[in-house]
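Peer 1: The primary structure of each chain is shown beneath.
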Amino acid sequence: MLTDTRPLLEVEEVSKTFPGVKALDRMRLSLRHGEVLALVGENGAGKSTLMKLLSGIHRPDTGRFFLDGAPLRPTGPRHAQEMGIGIIHQEFNLLPDLTVAQNIFIGREPRRAGFLLDRRALDARARELIGRLGLPLDPHRRVGGLTVAQQQMVEIAKALSHDPRVLIMDEPTAALNDAEVRTLHQLIRRFVRPETGVIYISHRMAELTSLCDRITVIRDGQYVATMETAQTRVRDVIAKMVGREIGTGTRPRPAPAAREPLLTVSGLSTRTLLRDVGFALYPGEILGFAGLMGAGRTEVARALIGADPVTSGTVTLRGRPVRIRNPADAARHRIGYLSEDRKRLGLLPEDGVDTNIALGALRERFARFGFVRDRAVGERAAELVSALHVATPSLDRPVRHLSGGNQQKVVLAKWLAKDCDVLVFDEPTRGIDVAAKEEIYRLLDTLAQQGKALVMISSDLPEVLRMAHRVLVMAEGHITAELTAAEATQENVMHYATLRPGRPGTRPAPSPASDPAGTPEAGTR
Amino acid sequence: MTAETAPASPPDGSAPPDGSAPPRTAHGGTLRGRLQQLLALGGLVVICVVFAVADPIFLSYGNITSVLFATVVIGTLALGATFVIISGGIDLSVGTGMALCAVVAGVLITDMGLPIAVGVLGTLLFGALLGFVNGCNVSVLGLPPFIATLAMMLVAGGLALVVSGSAPIYFDSTAYTDISTGSIVPGTDFPNAVLILAAVALLAGVTLSRTVLGRYTYALGSNEEATALSGVDVRKWKIVVYTLAGLFTGLAGILISARLGSAQPATGMGYELQAIAAVVIGGTSLNGGKGSIGGTVIGALIISVLNNGLQVLAVPQEWQNVILGSVIVVAVWADLARKRSIR
Ligand SMILES: Nc1ncnc2c1ncn2[C@@H]1O[C@H](COP(=O)(O)OP(=O)(O)OP(=O)(O)O)[C@@H](O)[C@H]1O
Ligand SMILES: [Mg+2]
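These protein sequence lines map, in sequence, to chains E and X.
Under the working numbering, think of the first position of the first sequence as 1, with each following residue one higher.
Under the working numbering, think of the first position of the second sequence as 1, with each following residue one higher.
Simulated from the structure, these hints should not be mistaken for laboratory data.
All values reported here derive from a predicted model rather than from experimental measurement.
A couple of the hints might just be wrong.
Said to hold, decoys possible - Stretch by stretch, here's where chain X covers chain E in the computed footprint (C-beta under 8 Å, at least three residues):
1) 84 to 98
2) 200 to 211
Unchecked claim - Here's a subset of chain E near chain X, in silico, CB distances under 7 Å, partners left out:
3) Tyr223
4) Ile324
5) Leu345
6) Gly346
7) Leu347
8) Glu350
9) Asp351
10) Ala367
11) Val372
12) Ala486
Positions of the beta carbon are idealized from the N, C-alpha and C atoms, including for glycine.
Construct all of the structure, not just a fragment, from the sequences and the given hints.
Peer 2: Below, the structure written as structure tokens:
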């Protein structure tokens, strides 16, 4: 690492107040040349706000920024880009109807004769960039059809196409699995040169140790400390973040040996991806779904609740076959689905925290004779807000104004407010801080103990391994393995996640119990 | 994490998230909603003051009554349009739909000689049916609302002429015309139609702000996909919203024909745009998810006050539309500017 006396980027005593919230309070930070600096803090601590100030989306109330010692006053995202600040925001800014290539070069499309779009040049440049970054992306694909993880990669490609000096990533790995995280880390290491630097925001403590040189902690908008990663334990970082020590929980109690499955799915296929997916779900259990990006886990959930069309498949609920044609049918059968894409599919952005929480259960729990019982809504919302520690100045604050992790908690609260028997959680802890994650794990565990059947889809494999009583592994639209909690190890799961079930002559599967030490780095493909 | 360490309670002492937060009434009841109405209300007051200064006649009882009377038809249509627009849709069929409903009332009451109550009920149901068809076209067939209701605008306009033989149908019973022009307020000639508008506006306001239907209307316009994934039957509720708009269309058909004493099959075209204008001036967003009945009522009043005041000042008819168009631009721009300043 090159040591330079002057930091690459300095944040000096920056404050920012939103109505009712002091988001940043004399925050400081300094990024050295050639380093990856982690910025960690609880949900709503002010991390994203700081990044929005740096990219000129908001103006600071007080305080200054310096880039290489020179004052930096970004007036807008475009200006910040020109100054060499590249930002990948927590919430994506992609246009769903444009292709990957068009999104990457939006506003800078190569032209012919001044006004004609040069498609060939656009594709060539996109292909070159994607190839250079080693991303598994097709430049022609429509972005709206991509998974969250793939969209994340488009954002990364877009940011790096500007050749920034300071690259800021706001929870880039929230929706990525281990293999994808490794790809991203390699990418970052290649990007970091003596004249550049990276600010890396994440709630995943494990990855910080392997990637970052130093860690800066922010709490309630204030600077707390900066530590050299090499000389710091994760536990200390967390303690600084939340202001006290937290215990990491243990695996949930074993599920009761259930007699009858609550839900069985068999022969589920869709035109696009799924092939003959079948599984049973027992009351009181948490069934984990693991797999790589695009393996089809979200598709299974969406097909189950009738959000996407299926070509075949039967669903049996409490021993009786049911037809679920749309999510409303699913809800009637008390099956709920928490989407992985909170901004697009999970929230009413302009509406209040209370309205969002009540939306799903409005008719059965919060209404009488068609009239909304606002008091009941308010009480239940207040309960959930304090149970999940949603940081919001008021119950009717539009959720758009909450921090990412707190928005996620609101989505979760919506499903807790509704009394479902089967709950499918797709990336339930996406963007949620370590302390709050523990609370959510405890909550899921409680739900299971109440006899509900939970499906947990998560890219965070340790989380699946820790929570699930059984793990189904998917690859390319097939279920490739069903593992008991004891069999489900990182290596085992990765092995089955990288099988190519669609093709004949694939690697033979070792028995799950034997230690497949011979499949190192299975996930890097 | 404990509640103490979470930055849940902001230091400035604004409402804490737990328990003590007041149950909020509805969208129109939030600070934002109230501001929006204040803005429109301020505009209305300013316009009234200008006219009153220019000609004191403007403030006479007779003139105020006639302004209110003139608000009735557009106001009624705008109430229905408010629901549709907040839900993220648009309804272009309410103008000719109203003409068709008026004709249906004429057929039922004058041609078939049915009792007035039955005729009125039949007309309301017929209006609801028009809306129901719109709703099915939008939600079951998946047609874009603009197209589905544009088609209905043509169909209804055509049917009104076909059914009536292109000739007005006259009502000879004063009991029918009294629905609009009579007065149940003793000793005055204050028209019933205005009272009816006030009553249905109140009903619509309560429905929008306090009922499940209202909440879903906002939810549909705010994020339809998320609403569907929350387990709400969005198809059904969309149909309900359009059907409701149809019900208001039927009511407007009754009110206008009772006022004129006849059903005029060829009128109606253009009312839908005035209704949409009223909704938009009242601060409802064409993108859906935001708006209020209070705003719409004020918007409708602004339109009729302008029409009336300009008439009082003898501004030529042609200029009135020019001014109305400009008012729309100013109203919506002011609303946008206010939103930007809040952020
Ligand atoms: N545009 C806004 N309007 C009002 N309040 C805002 C706005 N943006 C952020 N806030 C508030 O500022 C505080 C800090 O939010 P910020 O998004 O910076 O948190 P964060 O550290 O990124 O959290 P997370 O880990 O959940 O993403 C929060 O309390 C949030 O509600
Ligand atoms: Mg954030």
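Peer 1: Please go over all the hints and tell whether each is borne out by the structure.
Peer 2: Right, here's what the structure says about each hint:
1. 84 to 98: violated (count 0)
2. 200 to 211: violated (count 0)
3. Tyr223: violated (15 Å)
4. Ile324: Violated: closest Cβ of chain X sits about 11 Å from E:Ile324, beyond 7 Å.
5. Leu345: holds (5 Å)
6. Gly346: holds (6 Å)
7. Leu347: This hint holds: E:Leu347 lies near chain X, its Cβ roughly 6 Å from the closest one there, short of 7 Å.
8. Glu350: Hint on E:Glu350: holds, closest Cβ of chain X at ~5 Å, below 7 Å.
9. Asp351: Cβ of E:Asp351 sits 6 Å from chain X, so the hint holds.
10. Ala367: holds (5 Å)
11. Val372: holds (6 Å)
12. Ala486: Where the cut-off is 7 Å and the nearest Cβ of chain X is about 31 Å from E:Ala486, the hint is violated.
Checked against the numbered hints listed earlier, the structure breaks hints 1, 2, 3, 4, 12; every other hint is satisfied.
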